[in-house]
Structures are given as structure tokens and as C-alpha cells.
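K.L.:
Listed below, chain by chain, are the residues.
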Amino acid sequence: MTDLWVALLSLFAVWTGWRVFRVDSMVRASFSLMLSFIAVGAIGVLLSAPYIGVATVFMMAVEMMVMAIFMVMFMMNPAGLNPMVMVHQHRLSIGAGVVAALSLGAAVLFSRPPEDAVRAEADVVAELGHELLGPSMLIFETAGVTLLATMVGAVILSSRQGRFGAADEGSRPPGLSDGGAPAGRQPEGGGGHHHHHHHGGHG
Amino acid sequence: MVTFAVILGWTALAVLFAIALSPSATASAPQAMPFLGGGSAETHAWQRFHFRPYTMSLLFIAFEMEMMFMYPWAVVFVSEGIKALAEMGMFLAILSVGILYGWREGIFRWQ
Amino acid sequence: MAVIGDTLAARAPAAVFAAIGPGRQAGTERLFARRDMRRASTPRDASILLVAGDIPSEASEALARVHDQIPPPRATVQWQGEDPDRIVARVMETLKDLRVSATGEENRLPDAPPNEWKGIGPHGQGGKGMMGGTPYGRPMAMTGPDIRDGLQLDRYSARIGPFAPMLPPGLTLEVTLQGDVICDVSIDSPPFAQPADADAPDLCLARVLRLLGLDRAADRVLGGKRPGALWVQGAISRGLGRIDGTDMRDRVAAWRKGEAAPLGPFDLPRLLIGAEWSEAMLILASLPPSALIRAARAPEAA
Amino acid sequence: MTVLLLVLAVCATLLAGVVLAALLDRALPELAGTLSRQRIETEAPDRMNRDLAPAFYLALAAVGLSVVPFAPGLALIDSPVGVVIWGTCEALTIIVVFLHGWSPNAPFPLIGAYRYAAIGLPVMLPSMFVLIAAALPAESLSLVAIVDSQREVWNVLRQPLGLPLFLVVALTLTLRGPMDFADAADIAGGTSAEDSGAGRALWQVARLAMLVSVSAVAATVFLGGPLGPVLPGPVWLWLKTAALMAVLVWLGNRVARTTPSRMLTILWVVLLPLSCADLVISGVVAL
Amino acid sequence: MTLTIVLLGAAALIGIGLYGALSQQSFVMLMMGLELMLNGALLAVIGFWSLSLGGMPEGQLLAIIVMAVMAVEMAIGFALVVAVYRKRQADMTESIGTLKG
Numbered sequence: 058m059t060d061l062w063v064a065l066l067s068l069f070a071v072w073t074g075w076r077v078f079r080v081d082s083m084v085r086a087s088f089s090l091m092l093s094f095i096a097v098g099a100i101g102v103l104l105s106a107p108y109i110g111v112a113t114v115f116m117m118a119v120e121m122m123v124m125a126i127f128m129v130m131f132m133m134n135p136a137g138l139n140p141m142v143m144v145h146q147h148r149l150s151i152g153a154g155v156v157a158a159l160s161l162g163a164a165v166l167f168s169r170p171p172e173d174a175v176r177a178e179a180d181v182v183a184e185l186g187h188e189l190l191g192p193s194m195l196i197f198e199t200a201g202v203t204l205l206a207t208m209v210g211a212v213i214l215s216s217r218q219g220r221f222g223a224a225d226e227g228s229r230p231p232g233l234s235d236g237g238a239p240a241g242r243q244p245e246g247g248g249g250h251h252h253h254h255h256h257g258g259h260g
Numbered sequence: 018m019v020t021f022a023v024i025l026g027w028t029a030l031a032v033l034f035a036i037a038l039s040p041s042a043t044a045s046a047p048q049a050m051p052f053l054g055g056g057s058a059e060t061h062a063w064q065r066f067h068f069r070p071y072t073m074s075l076l077f078i079a080f081e082m083e084m085m086f087m088y089p090w091a092v093v094f095v096s097e098g099i100k101a102l103a104e105m106g107m108f109l110a111i112l113s114v115g116i117l118y119g120w121r122e123g124i125f126r127w128q
Numbered sequence: 006m007a008v009i010g011d012t013l014a015a016r017a018p019a020a021v022f023a024a025i026g027p028g029r030q031a032g033t034e035r036l037f038a039r040r041d042m043r044r045a046s047t048p049r050d051a052s053i054l055l056v057a058g059d060i061p062s063e064a065s066e067a068l069a070r071v072h073d074q075i076p077p078p079r080a081t082v083q084w085q086g087e088d089p090d091r092i093v094a095r096v097m098e099t100l101k102d103l104r105v106s107a108t109g110e111e112n113r114l115p116d117a118p119p120n121e122w123k124g125i126g127p128h129g130q131g132g133k134g135m136m137g138g139t140p141y142g143r144p145m146a147m148t149g150p151d152i153r154d155g156l157q158l159d160r161y162s163a164r165i166g167p168f169a170p171m172l173p174p175g176l177t178l179e180v181t182l183q184g185d186v187i188c189d190v191s192i193d194s195p196p197f198a199q200p201a202d203a204d205a206p207d208l209c210l211a212r213v214l215r216l217l218g219l220d221r222a223a224d225r226v227l228g229g230k231r232p233g234a235l236w237v238q239g240a241i242s243r244g245l246g247r248i249d250g251t252d253m254r255d256r257v258a259a260w261r262k263g264e265a266a267p268l269g270p271f272d273l274p275r276l277l278i279g280a281e282w283s284e285a286m287l288i289l290a291s292l293p294p295s296a297l298i299r300a301a302r303a304p305e306a307a
Numbered sequence: 006m007t008v009l010l011l012v013l014a015v016c017a018t019l020l021a022g023v024v025l026a027a028l029l030d031r032a033l034p035e036l037a038g039t040l041s042r043q044r045i046e047t048e049a050p051d052r053m054n055r056d057l058a059p060a061f062y063l064a065l066a067a068v069g070l071s072v073v074p075f076a077p078g079l080a081l082i083d084s085p086v087g088v089v090i091w092g093t094c095e096a097l098t099i100i101v102v103f104l105h106g107w108s109p110n111a112p113f114p115l116i117g118a119y120r121y122a123a124i125g126l127p128v129m130l131p132s133m134f135v136l137i138a139a140a141l142p143a144e145s146l147s148l149v150a151i152v153d154s155q156r157e158v159w160n161v162l163r164q165p166l167g168l169p170l171f172l173v174v175a176l177t178l179t180l181r182g183p184m185d186f187a188d189a190a191d192i193a194g195g196t197s198a199e200d201s202g203a204g205r206a207l208w209q210v211a212r213l214a215m216l217v218s219v220s221a222v223a224a225t226v227f228l229g230g231p232l233g234p235v236l237p238g239p240v241w242l243w244l245k246t247a248a249l250m251a252v253l254v255w256l257g258n259r260v261a262r263t264t265p266s267r268m269l270t271i272l273w274v275v276l277l278p279l280s281c282a283d284l285v286i287s288g289v290v291a292l
Numbered sequence: 002m003t004l005t006i007v008l009l010g011a012a013a014l015i016g017i018g019l020y021g022a023l024s025q026q027s028f029v030m031l032m033m034g035l036e037l038m039l040n041g042a043l044l045a046v047i048g049f050w051s052l053s054l055g056g057m058p059e060g061q062l063l064a065i066i067v068m069a070v071m072a073v074e075m076a077i078g079f080a081l082v083v084a085v086y087r088k089r090q091a092d093m094t095e096s097i098g099t100l101k102g
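Residue numbers (our numbering), protein chains in the order written: chain A, 58 to 260; chain B, 18 to 128; chain C, 6 to 307; chain D, 6 to 292; chain E, 2 to 102.
Computed list of chain A residues with no C-beta within reach of chain C, every gap over 10 angstroms: (1) Trp72; (2) Asp173; (3) Ala174; (4) Val175.
Straight-line C-alpha distance at most 25 angstroms; calculated DMTMM-like pairs for lysine to aspartate or glutamate: (5) Lys100/B <-> Glu59/E; (6) Lys88/E <-> Asp151/C; (7) Lys133/C <-> Glu121/C.
Covered stretches of chain B, going by a simulated chain C footprint (3 or more residues, C-beta under 8 angstroms): (8) 38 to 50; (9) 61 to 74.
Hints are computed from structural coordinates only; laboratory data are not their basis. Glycine is no exception: its CB is placed at the ideal position from the N, C-alpha and C atoms.
Required output: the full structure, derived from the provided sequences and hints.
P.N.:
In C-alpha cells:
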């Protein structure tokens with residue numbers, strides 16, 4: 058019974074993973090990826106990893122929400138109103154993907170990992186907690202520092218006003234003629250990057 | 018297994034319910050237009066939407082990772098005692114530096 | 006089951022979308038403080054279109070569009086200033102007829118898409134390439150400069166009004182949004198003229214309360230009671246809609262005391278540009294109709 | 006057998022709760038009225054997501070209610086990680102509301118959807134902090150164990166900050182009053198602005214169902230759930246849930262809504278430190 | 002048996018993820034591919050932990066680390082996208098001018 062469900066969920070995870078690159082709408086792509094994660098989380102629940110399974114769904118729901126926001130923000134035609142394909146080196150990629158999947162699959166089929174299933178009565182959540190506070194304490198605190206670095210890095214990279222003024226100031230090449238349009242590649246929709254009247258002072 | 022079955026069951030039930038209840042929708046072209054108080058728009062509403070607190074959302078996904086560590090920590094908190102309090106205190110203190118930094122940079126409002 | 010549904014539906018307050026014409030703002034707003042009437046915020050949620058007063062001919066296409074956006078079965082009720090009780094009785098009667106006949110009025114506008122799209126282009130959806138063409142009848146929004154953080158993302162331009170429930174009746178704004186921040190705004194048509202009774206402090210306060218999500222409190226205010234709501238002043242940020250040294254908080258405070266809050270002349274577009282949509286709507290609600298009409302007509306006169 | 010009974014109990018609670026919530030909202034006749042109208046298509050909508058969003062909202066409410074114990078030691082989903090399952094329901098609610106606003110391809114719903122994403126994400130933090138704080142004395146993430154840990158004193162007394170913070174979360178999840186940024190008045194009903202007919206009715210029902218579910222969870226975590234003298238467990242749970250529903254409806258009608266930008270700052274700068282304080286208080290008390 | 006199914010699923014996910022990461026022109030879509038590969042890794046970790054390692058706690062920790070990696074990758078990746086877009090007003094790995102219809 059469990060085998061059947063695990064197989065179905067694996068298929069679902071793979072299918073939704075495939076859909077990510079096949080749907081036109083960026084929102085659908087993001088949430089298709091989320092469904093793939095949910096299937097993996099459900100497999101975790103079935104394989105007596107309740108915490109990891111459910112927490113995967115929890116974390117990935119949040120992350121895919123953010124993912125969808127950014128996908129829509131930065132992709133052309135985010136809703137896929139015009140069907141589109143935006144790929145390069147397509148054959149190479151397909152080849153690489155197939156080779157990777159096949160070789161890994163072959164490795165799975167020909168290897169014999171030890172069989173040692175998790176005990177049914179084990180309190181896996183508490184074990185994880187003791188592990189975090191005991192032997193793996195350093196990993197735990199290192200993760201904290203890494204996340205802090207990520208937070209600071211993300212703020213510095215993405216926010217406009219920093220200690221050194223607006224991040225985009227001085228980033229445009231000078232004009233070819235005096236006061237003319239900036240040289241180099243033009244963004245679509247034209248420059249218009251010139252008035253920076255900054256709105257602030259609330260919040 | 019029960020958890021899985023129950024969640025799957027509710028989801029399937031709700032979807033069936035929605036399919037059964039929702040009739041197909043129809044409309045003429047002016048009817049289908051988005052409601053703008055009688056006004057009209059040139060373009061589709063779907064767009065590269067300028068989500069204003071984008072920096073906040075990035076900070077959020079990094080900060081939210083802490084939950085993954087906190088849940089198992091909560092289970093062993095009483096048995097580990099003061100050590101658990103100290104370690105999680107340190108962890109949260111490290112992360113709150115990031116939040117304070119973000120606050121100073123003014124990211125918790127519409128950019 | 007169906008019987009229960011019908012009995013319940015018969016007891017529902019009438020869901021009415023109001024198209025308010027010149028001189029009818031105060032009366033209509035007071036009408037909706039009644040328990041048996043509910044002002045729908047969108048025509049999709051209404052079955053009756055209440056046309057209060059004579060709608061000028063410039064707005065007749067907009068009226069037809071709003072009419073068509075009400076899901077069938079629907080009906081129109083004209084209100085020319087009769088007694089509120091009579092108009093409510095008429096609305097109720099119309100509703101009852103609708104439940105029996107279940108057809109209602111036909112569409113007023115022809116079923117023509119904004120652009121021809123069917124069968125055009127490689128996929129037959131009217132589009133061209135990635136962003137081009139008019140997929141499903143409309144082009145896609147294009148990028149443009151942003152006034153706040155310099156990320157050039159799509160600008161959405163629309164004409165909003167004259168019957169938008171959050172705007173004063175008659176006001177049509179040509180807005181350019183990026184996200185929900187107003188990048189550019191111009192006045193397409195000024196609000197319909199309203200007599201001084203629309204400036205009554207209780208009406209002004211009720212408008213603000215409805216925007217703050219306090220419909221019940223607004224009804225209480227119009228019924229002459231205290232609003233009985235928490236955090237009304239606090240929810241309005243300081244400095245919002247500042248004109249001649251008074252901001253929205255001051256004006257709301259004056260209205261709560263039952264005083265009028267007269268305003269000098271101001272430049273309406275400048276007040277709105279750069280504001281978030283929610284702030285902009287609060288600013289508009291914090292301007293008494295007479296001052297707003299004067300400000301909106303100023304560029305026209307000049 | 007017990008499972009079957011519990012399934013019935015969840016269904017009955019949800020059904021009765023929705024009716025009660027509609028009565029509290031004075032929305033029952035309106036729902037019937039909405040159902041009698043036709044459903045209007047919008048321009049080139051995302052049909053699949055439009056139809057699925059209300060259904061999943063309803064499903065999330067049902068799953069959330071399933072982790073709630075109806076009697077001490079008796080829950081439909083008696084999982085060791087019940088709190089995490091509920092947290093997952095909260096996270097998925099954000100997505101469902103976002104999809105509801107995204108799918109009609111119209112400006113006001115779109116603005117509502119993004120506002121909700123901006124507010125709903127940080128609201129998760131106080132929610133998780135107060136729920137973890139409640140899990141500390143129970144030494145378990147299971148709601149059944151959390152109920153057992155309240156036999157002597159309810160969490161609402163041990164962790165006084167927990168319930169008020171969770172009520173803010175509940176208002177957000179049910180799109181209500183001061184936290185109703187998705188369906189606000191200044192965007193003509195926001196994500197619901199383009200809903201008509203049966204689709205609209207289903208969304209409203211799902212909102213009410215979520216109100217039942219979140220109140221039941223709050224009653225379980227902070228008010229001892231089914232614990233109480235004389236009356237049987239389920240009755241106590243129902244009473245507490247109904248009381249919390251009334252409180253939420255009252256709050257939704259009485260408290261003003263500020264602008265989303267301001268609320269975002271308040272969430273990070275005021276509510277997050279408060280929920281941290283709640284965690285510290287309950288940690289020290291539990292030791 | 003179960004482990005084989007799980008690992009085959011993981012292999013397929015990694016393959017699709019690799020395809021996505023290599024083929025997509027847009028940086029944000031490329032990140033989707035990366036996430037999918039990490040999803041496969043996560044599935045494999047869960048399978049090994051549950052069926053082959055007897056539930057040793059380090060396995061769960063590894064799964065959490067995989068998720069933390071995803072979060073870090075997303076936060077930094079999107080921050081980079083914002084920074085690049087702000088400077089160049091383009092998110093494509095190739096010029097956008099040629100793609101406009």
C-alpha cells in the first residue's frame with residue numbers, strides 16, 4: 058500500500074516538476090514546482106518522517122509564494138498570454154538531463170544500499186531536537202550566521218537606498234552628447250531614468 | 018498514513034464540491050472587462066507587477082528558515098533546560114541583527 | 006433545500022450598485038445606512054442598479070458598462086429624489102420580480118471585444134511574439150520609469166470612474182500605476198456638482214470609516230450615534246493629505262466633533278502622485294466634496 | 006470506527022460553524038442571494054486557478070480543523086507535528102488568496118492579491134512564535150499533547166501575549182476587519198471584486214469555514230480546547246470556538262484598518278518583538 | 002523496493018532540474034531548475050534516512066540543511082536579479098531586444 062502511494066507521489070512530483078518548464082504562466086510554473094515539493098513532503102510523511110515531510114510543505118509554500126512574486130516581477134509576459142518558449146541550447150540540455158537521470162537511475166538499480174528502516178516507535182522529532190542542541194550544535198549556530206549573512210546580503214543587493222546613496226546612481230554610462238541618452242544598450246521602453254525624486258518619510 | 022489519507026480526502030472532497038457547485042461562466046466582451054467604476058483600461062491587468070516590499074520578502078525567506086530549527090527545539094526544550102534556552106537565544110540574537118539592519122535600511126514598508 | 010435558499014434570499018438586504026448623479030450624493034449615502042439596503046462595492050455583487058439623479062450624457066457609456074457588469078438577472082431603478090421609503094419599496098419590489106421572472110434586463114452594449122483577436126497570430130489568440138499583438142483582445146502593459154525605487158517595471162494605465170465606489174461620484178481619473186503606487190494621474194472629468202449637504206460632517210466621517218473597513222460604524226454615525234470604533238485616528242498616518250497645515254487626521258478629528266473642515270485651494274494631482282493606492286483613496290475621502298470639486302475643476306478653468 | 010465518528014464531527018463542526026459565522030456576520034441571506042445570480046466570466050482568466058482557489062481554501066479549513074482534538078486524546082489527525090500541519094495550512098492560505106486575486110486578470114483583485122502576500126507572509130512569524138511557545142510546556146508539537154499540558158492552567162494565563170497575537174493572525178487568515186488587506190473597500194472588494202454568483206458564494210463560505218477552523222485551533226492552544234468541568238469535551242470545544250468566533254467578528258467590525266505599508270512596519274517592528282517576548286516568557290515559565 | 006522507487010523519482014527530478022537549469026534563458030527560470038534539483042536531493046535524503054540509515058538524526062539534519070540551502074539560494078539569487086535589473090533593466094541572460102515580437 059505504502060509502496061503504491063509512494064510510487065504515485067513520485068510520479069506526481071516528477072510530472073509537476075516537468076510542468077514547471079512547460080506552462081506559459083509564471084504563476085502556474087511556480088506553484089507547479091510547489092506541488093512537486095508537496096508530493097515530496099507527502100512521501101516524507103508516508104516514510105515516517107512526519108516533521109521533515111510537513112515542514113517541507115510549510116517552507117516551500119512560503120518560498121514558492123516569494124518565487125511567484127519575483128517570477129511575475131521579472132519575466133516578460135508573466136501570465137503567458139502569448140505562448141512562448143524561452144530556451145537556449147535545448148538539445149544539449151535535454152541530453153544532459155536525460156543522461157543525468159539515466160545514470161543516477163542505473164546507479165540506483167545496480168546498487169544495494171543497506172536495509173535499515175526507521176523504528177516505528179521512535180520519536181524522530183525529539184531525536185532531531187537533541188541532535189541540534191547536542192552534537193550538531195555548531196552546525197545549528199553556523200546556519201544562524203549563514204542566514205544572517207544572507208539577510209544582510211539580500212538587503213544590500215536589492216534595496217535601493219543604502220549608506221552610499223541610491224544603488225542605481227552612477228550606474229548609467231554617460232551620454233554620447235552632452236545631456237543625451239546614455240550610451241550602450243537601451244532598456245525597452247526607453248531611458249527615463251533621470252528623475253529621481255525620492256518619496257519617503259513615512260512608515 | 019491517517020494524516021495523509023485525511024488531507025488527501027479533504028482536498029479531493031473540496032475540489033469535487035467546487036466542480037459540482039461552480040457552473041460555467043459566460044459573458045459578453047463589455048461584461049467581461051475588469052470593473053473600473055465604468056472606466057476602461059488599455060492593457061491586460063497581468064503585468065510585471067511591481068511588488069513594493071520585495072526586499073522584505075527576501076529577508077523573510079531567510080529569517081523564516083529559523084522555524085525549521087525551532088520546531089524540534091521546542092520539543093526538547095524542557096528536557097534540555099537552560100542549555101536549550103541559551104542556544105536558541107543566541108541563534109535568534111544572531112538573526113535579529115539582520116532584522117534590525119533591514120529596519121534601519123527601511124525595508125519594512127512600500128519601496 | 007431550494008425552498009430554504011429562496012426564503013433566505015428573500016430576506017437578504019437588497020444588493021444595490023449605486024450610480025450617483027449630480028446633486029444626489031448625500032441622499033444616496035444616507036439611503037445606504039438603512040439595514041435593508043446594502044451598497045455593493047462592485048457590480049458583480051449586485052442585482053439592482055440604482056441610478057440616482059440624471060446622469061450626464063458623457064457618462065452614459067460608463068453607466069451602460071456598469072449595467073452590463075451586473076450579473077443577470079438584473080434590473081435598473083431610477084431615483085429622482087422621491088422619499089427614501091418609497092425608493093426602498095420599489096427596489097424590494099423589483100427584486101421580487103427578478104426572482105420570479107429570472108431573466109431581467111438585456112445587455113446594453115454590443116458584444117464587441119476591444120480589439121479583434123480571434124484567429125489572429127500563430128496561436129490564434131491575437132498575440133505576436135513574446136509581448137506583442139493583442140492577445141485575447143488587449144495588448145500587454147509595458148515597462149516605464151518608476152517614481153519611487155527606480156525599478157522599471159510595467160506601468161498599468163486605466164481610466165477609473167465615474168461610478169467607482171471609492172471615488173467621489175463623477176470623478177474619472179486617468180491613472181498610471183506601478184504596482185499599487187500612483188506614478189501619474191490626471192483628471193479626466195471632475196466630480197458631479199453636489200449641493201452643500203454633501204459636506205455634512207457625519208457624511209464625511211462615514212466615508213472615511215467605510216474606507217477603513219468600518220461599515221457598521223459608518224452606519225451608526227449616519228444614524229446620529231457615536232462610531233464606536235477603535236483606532237480610527239491611529240490608523241491614519243500623520244501627514245497624509247496635508248493641505249495648508251491640516252492633514253487628514255486633523256480633518257477627521259474635526260468631523261468627529263461634528264465640525265466642518267473647510268479647505269483652501271489645492272492641486273489634486275500633486276496630492277495623489279507618488280501615493281500608494283490605499284493612501285490616495287484615504288486622501289480623496291478626507292476632502293470635503295465641495296473642496297474636491299473646486300480643485301478638480303481648477304485645471305479645466307485655467 | 007473512531008475515525009469515522011471524528012470525520013463526522015469535523016464535518017458537523019464545520020457546517021454548524023459556517024452557519025453560526027454567517028449569522029454573526031449577518032451574511033446568511035446574502036449568501037443565498039449571491040447563489041441565485043449568474044456567474045460572469047472575466048477577460049482571459051486563469052480558469053483553473055479561479056475554480057480551485059475557493060475549493061482549496063475550504064480544504065485548508067477542513068484540514069486545520071482535523072488536527073484539533075475533540076476530546077482529550079482524540080483528534081482526527083493525531084500527528085506528532087499537529088502544530089506544523091496547522092502552520093502549513095496558514096502558509097498555503099496565503100497562496101490560495103493570492104491565486105484568487107491573480108486569476109481574474111483584473112487590476113483591483115491583483116492589487117489585493119499582492120497586498121495580501123505582503124501582509125500574510127510576515128504574519129506567519131508571530132503565528133509560529135506563539136504556537137511554538139504553546140508547544141514548550143507540552144514538550145510536543147502535537148495539539149493533543151498541548152491540550153494535556155493545560156490540565157492545570159490554560160495557556161492564555163501562562164502566556165498572556167499568545168492569544169491576542171494569534172487573534173491578529175486569525176483576522177489575517179479569514180480576511181477580516183483590520184487585517185482584510187486582500188478584500189478591502191478601497192479596491193472595490195479586492196480579490197473578490199470580480200467574483201459573481203456561485204463562485205463568490207463559495208469563496209465567502211470558505212472564508213467563514215476558515216474562521217471556524219482558526220477559532221477552534223485558538224481555543225485548543227490557548228483555552229484548553231475540550232477541557233472543562235461537567236460538560237463533555239466536544240461541547241466545551243464548541244463553546245470556546247463559538248466565543249472566539251464572536252470575538253473575531255466583533256474585532257473585525259470595530260477596529261480600523263491602516264494602510265498596508267504601515268501595517269507591514271507594525272508587524273515587523275511591534276508584533277514580532279512581542280511574539281519573541283511571548284516565547285521568552287513561556288520558556289522561562291516552562292523551565 | 003520502496004527505496005528504489007523513491008530514488009528513481011529523485012533521479013528523474015534531478016534530471017529535469019538539470020535540463021531546466023541548462024536550457025532556460027532567464028535567470029529566474031534557471032533558479033527553478035536549481036530548486037528542482039535540490040528537491041530531488043531532498044527526496045533522496047528522506048528515502049535514505051527512512052529506509053537505509055535506520056533513522057539516524059543526522060539524516061533529518063541534512064534534509065533541513067538542503068532546505069536552508071534552497072532558502073539562501075533564493076534570497077541571494079533574487080537579490081542579484083533585482084540588483085542586475087536595476088542596473089541594466091533586463092533580466093535575460095541573452096539580449097532582450099531580439100526576442101520582442
